[in-house]
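Novice: Sequence:
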Amino acid sequence: MTTLRTSFAPTQNPSTTLGNRIGLGGIIVAVIAILIALQASGSSVWQGIFINLGMFIILVASLNLANGFTGVFSLGHIGFMALGAYISAILTLPVETKASYLPNLPEWLAGVHFDAMLGPFPLGFLLATIVAGLLVAVVALLVGAVLMRLSGNFVSVATLGFLIIVRVVLINADAFTRGSRTFSNVTAYTDLWWVYAWVAVVLYCLWRIKFSAYGRAMFAQREDTAAAQSVGIVIMRPRLLAYVISAFFTAVAGALWGHFITSFSPATFYFDLTFRVITMLVVGGMGSVTGSVLGPITIITISEILRRFEDANQLYGISGFLLALLFIIIIITRPGGLMDDREISFGWLGRLLGVRSAQTPTKRD
1 MTTLRTSFAP TQNPSTTLGN RIGLGGIIVA VIAILIALQA SGSSVWQGIF INLGMFIILV
61 ASLNLANGFT GVFSLGHIGF MALGAYISAI LTLPVETKAS YLPNLPEWLA GVHFDAMLGP
121 FPLGFLLATI VAGLLVAVVA LLVGAVLMRL SGNFVSVATL GFLIIVRVVL INADAFTRGS
181 RTFSNVTAYT DLWWVYAWVA VVLYCLWRIK FSAYGRAMFA QREDTAAAQS VGIVIMRPRL
241 LAYVISAFFT AVAGALWGHF ITSFSPATFY FDLTFRVITM LVVGGMGSVT GSVLGPITII
301 TISEILRRFE DANQLYGISG FLLALLFIII IITRPGGLMD DREISFGWLG RLLGVRSAQT
361 PTKRD
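Count the sequence shown with my numbering and you get residues 1 to 365, in order.
Because the hints were derived from the structure by calculation, they are not lab data.
All C-beta atoms in this analysis are idealised placements derived from N, C-alpha and C, irrespective of residue type, glycine included.
Worth double-checking, as some hints may not be accurate.
Stated by the list, open to error - So the derived label-pair ranges between C-beta atoms look like this:
# : residue 1 : residue 2 : range
1 : S263      : M117      : 35 to 43 angstroms
2 : A227      : D340      : 16 to 24 angstroms
3 : S263      : G26       : 33 to 41 angstroms
Assemble the whole structure, with the sequences as input and the hints as a guide.
Specialist: So this is what it looks like as structure tokens:
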């Protein structure tokens, strides 16, 4: 029986070639340069667009880990995002504000305020974000222990039910969330650097997971569950691991989102946002880390162009129609999305430089 290694060290990782390392380094430098330029420009519009893009990259990448890597199609991940937003907002809300804004909050929580600063760095916000992610990961572990035993349409319906349950709980937990009313007074901590620091963390983790033993197990059971089981792969373990890690990062996105828009309600985290993220995932390519970036870039770029065209010509509603039409065309012409489950390659750079880097040897299990 085959025994899979549990190390997260990547195997057959395309980033081990010189060309890919140079290409990746160039992308990182370019992104940092763009962020510095945006910060210097002072343009709140463009900064908002790029913050929006970064948060959708986190959301799509997180959903890709659960859906694309394992083939378990979850429709309830925005519920984790909602929980992350509310938990982090409550933790960072000043004690005085809680007393008047959330008067029925339990005493043990009313006195909690994550406001620690490390110089200009809001350490309290970082801690609140991580705590929110960990608490949501525990919820995902409990929920996933049941739902990840399902497959096919059953798990999709069950996770959709989870999203509906989260919404109902948020509406009825008035002492914590103000119910269906808007939760405001949230401190605007989120900026470009916060978002893209988390983008880097999420993409790095996904890349390492994809080329690890657990990643191979995820893709193996996605392609053929029976065949994977026949060689000793435990189906439940990689599914649950992907679901929990995915929930953690989705909650982080919720915390960032909540501290960016500064006011939200349960209606903010529902079907509209769910299907927007799924659209970006499908367009980019399920199972591709690169696709998790290209999907949001493609959809947001086209949306912004169409929105400006719509406003300039007073053709209201045309952007939604054209975007839906484009989505249908992409699905028909490229069912696997822009990248399918492949990754971007800069191997040609190494060949151009006349240097060939050895691939990381693959250990036989």
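Novice: For each hint, tell me whether it holds in the structure or not.
Specialist: Results of checking the hints against the structure:
A hinted range of 35 to 43 angstroms for the beta carbons of S263 and M117 is inconsistent with their spacing of about 23 angstroms. Taken as a hint, the range 16 to 24 angstroms holds for the pair A227 and D340, whose Cβ atoms sit roughly 20 angstroms apart. Taking 33 to 41 angstroms as the suggested C-beta distance range, the pair S263 and G26 conforms, at roughly 39 angstroms.
Hint compliance for this structure: hint 1 alone is broken.
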